[in-house]
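J.: Sequence:
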Amino acid sequence: MKKTYRDYMAYLMNMQVQQGGCAHFYFDISFSRSTDALIAGLGYRLPDGRVQPGSMDGPLREWYKRTWAIMAENGLYPGGVSGHATNSIALRALPWTDAILDSEYPMKNPITVYPMDRMIALSCPHSFGVNINHLGFMNPAWASLHDAGQGDSAIPFNTEPFRHFGIAANDVVFLPYWRNSDVVKPADSGVLASVWKRPGKAVIQVLNYGLDPEGQEKTRSAKLTLDLKALGVPAGVKPEQIRISEMLLDDGHLPSRYMEIFDWYQKLPDTPRNQWDKNLKVRPASNPTIDLATGVIDGVELFYHDSRYLLVTWDEELKTVPEGLFSETDKLRALNWGLNRSGTKSLDANAASAVVKNSDPAVQVKAWTRPGTAMLLLTNTGAKELDAELTLDLDKLGVKVPKIWNAYTQAVGAKKFNAATGETTVNVKGGQSKVVFVDTY
34 MKKTYRDYMA YLMNMQVQQG GCAHFYFDIS FSRSTDALIA GLGYRLPDGR VQPGSMDGPL
94 REWYKRTWAI MAENGLYPGG VSGHATNSIA LRALPWTDAI LDSEYPMKNP ITVYPMDRMI
154 ALSCPHSFGV NINHLGFMNP AWASLHDAGQ GDSAIPFNTE PFRHFGIAAN DVVFLPYWRN
214 SDVVKPADSG VLASVWKRPG KAVIQVLNYG LDPEGQEKTR SAKLTLDLKA LGVPAGVKPE
274 QIRISEMLLD DGHLPSRYME IFDWYQKLPD TPRNQWDKNL KVRPASNPTI DLATGVIDGV
334 ELFYHDSRYL LVTWDEELKT VPEGLFSETD KLRALNWGLN RSGTKSLDAN AASAVVKNSD
394 PAVQVKAWTR PGTAMLLLTN TGAKELDAEL TLDLDKLGVK VPKIWNAYTQ AVGAKKFNAA
454 TGETTVNVKG GQSKVVFVDT Y
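In my numbering, the protein residues as written are 34 to 474.
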């Protein structure tokens with residue numbers, strides 16, 4: 034690609050961003066190959082008249098670099114540039130992309146088509162400058178185990194539970210299964226476990242890899258031993274300071290596209306959610322437990338090539354929650370959010386009213402903030418169920434909404450939420466309270 038053409042395209046793309054509202058450029062079929070396209074500046078003519086082909090990886094790198102600069106200059110970095118190149122990854126171009134997509138061909142079982150060694154190699158941003166994400170043919174659980182997303186929405190990371198965890202926060206540390214043995218050890222060699230940790234919380238993904246051929250379709254125990262100190266749990270922690278639960282994605286429904294080939298999936302009862310979802314199935318509920326003396330997590334079973342996500346949260350100090358402030362369910366959610374962790378600020382009535390405009394006198398609002406997130410407690414003092422109409426000052430709540438990420442800002446528990454205006458609707462039953470979390474990172 035000649036520089037003059039690249040300059041002209043950059044000029045047009047910059048206008049698309051500044052005048053047309055474009056926030057992302059995706060380049061399909063970003064393959065690197067040998068070509069003799071002299072008009073594009075690729076290859077050269079030999080003295081005898083023949084054309085010596087040239088490689089496209091250099092011009093492709095320059096193209097991505099130029100696009101990256103355009104997006105950065107317009108405040109759209111990170112997240113402004115991506116492309117696709119199944120089985121033809123141009124390594125020289127990768128440092129100038131935010132995501133490169135792979136896996137564009139049908140696979141009955143992607144875990145066998147994309148084996149462990151290949152996935153590990155594709156998940157090393159330290160080597161390539163970016164990790165490889167995957168199109169919808171990839172099993173999302175196999176992708177996420179390697180810190181990679183699947184599909185155009187980066188599933189499972191772009192789900193309400195992972196966003197609420199803060200998966201995009203700057204303090205997230207990914208501990209992959211191939212180098213985290215100092216933190217977590219599965220009891221079964223056929224189980225793999227990767228960890229994302231933040232101060233006060235961690236998500237542990239466990240997957241039944243089934244290393245032995247004779248163990249095909251074998252259900253395995255996801256029993257793990259954690260080094261709590263290495264994970265960041267303070268010494269001398271009391272049972273009241275640490276919590277574990279399963280983090281359900283899509284309400285626990287299984288992705289039939291990747292599981293329907295297995296006998297165990299076919300034997301589960303159908304649980305349709307609506308007339309279009311005819312054969313959806315749900316994993317049986319798990320009840321994970323954690324032993325503080327040994328660090329052992331138990332109580333979780335894994336079907337063959339299936340996965341679960343476990344949420345572990347803890348507090349630095351043992352604090353009591355005022356009696357009657359929350360329901361038992363909301364109390365657990367508030368503690369998991371970080372109610373008793375350092376960095377949490379409780380807003381008094383005046384401060385809360387300044388950041389949460391509430392037009393209904395029957396609704397009382399309390400507010401707490403942490404970096405990148407806020408928690409609201411709405412109490413309906415009346416007898417009738419109502420929709421509380423609120424207007425949130427997201428900046429003052431500390432929930433900054435970056436231009437390119439506004440679609441990922443969420444209000445967990447709200448009926449409606451507008452990240453651009455802060456307008457929020459929350460349904461609260463008469464005489465009851467409801468917790469709402471507003472997240473962005």
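Calculated directly from the structure, the hints in this document are not laboratory data. Just to be clear, a hint being listed does not mean it is correct.
[As the list claims (entries may be wrong)] Each computed DMTMM-like pair below joins lysine to aspartate or glutamate, with the alpha-carbon atoms no more than 20 Å apart: (1) 300 with 350; (2) 448 with 250; (3) 449 with 426; (4) 467 with 393; (5) 230 with 260; (6) 314 with 349; (7) 467 with 381; (8) 98 with 61; (9) 378 with 426; (10) 262 with 350; (11) 449 with 250; (12) 230 with 279; (13) 271 with 349; (14) 141 with 296; (15) 271 with 324; (16) 300 with 260; (17) 218 with 193; (18) 467 with 422; (19) 262 with 381; (20) 256 with 245; (21) 256 with 215; (22) 448 with 393; (23) 399 with 331; (24) 218 with 356; (25) 449 with 418.
[As the list claims (entries may be wrong)] Ranges between beta-carbon positions, derived for each pair: (26) 383 with 150: 23 to 31 Å; (27) 62 with 349: 49 to 57 Å; (28) 271 with 169: 39 to 47 Å; (29) 360 with 272: 45 to 53 Å; (30) 57 with 90: 18 to 26 Å.
A virtual CB, placed ideally from N, CA and C, is assigned to each residue, including glycine.
J.: Between the alpha carbons of residue 230 and residue 260, is the straight-line distance 20 Å or under?
T.: Given that 20 Å is the threshold and the Cα spacing comes to 13 Å, the pair holds.
J.: Check the following: the C-beta atoms of residue 57 and residue 90 are separated by a distance inside 18 to 26 Å.
T.: Check passed, 23 Å falls within 18 to 26 Å.
J.: Quickly compare the C-alpha distance for residue 218 and residue 193 to 20 Å and report which way the hint goes.
T.: violated, 28 Å
J.: Taking 20 Å as the top limit, are the C-alpha atoms of residue 256 and residue 245 close enough?
T.: Within the cut-off at roughly 18 Å; holds.
J.: Would you mind confirming whether the straight-line C-alpha gap from residue 271 to residue 324 stays at or under 20 Å?
T.: holds, 11 Å
J.: Starting from residue 467, check that the Cα of residue 422 is at most 20 Å away, please.
T.: holds, 14 Å
J.: Could one say that the CB atoms of residue 383 and residue 150 fall in the range 23 to 31 Å?
T.: violated, 59 Å
J.: Can you let me know if the beta-carbon spacing of residue 360 and residue 272 is within 45 to 53 Å?
T.: This hint is violated: roughly 21 Å between Cβ atoms.
J.: Does the structure keep residue 98 and residue 61 at a Cα separation of 20 Å or less?
T.: Given pair residue 98, residue 61 holds - Cα atoms ~16 Å apart, limit 20 Å.
J.: Regarding the pair residue 467 and residue 393, is the alpha-carbon distance no greater than 20 Å?
T.: holds, 15 Å
J.: Assess, step by step, whether the Cα of residue 467 is no farther than 20 Å from the Cα of residue 381, and give holds or violated.
T.: Holds. Residue 467 to residue 381 sits at ~18 Å (cutoff 20 Å).
J.: Taken at face value, is the distance from the CA of residue 250 to the CA of residue 448 at most 20 Å?
T.: violated, 41 Å
Violation of the numbered hints given earlier is confined to hints 1, 2, 6, 11, 16, 17, 19, 23, 24, 26, 29; the remaining hints are satisfied by the structure.
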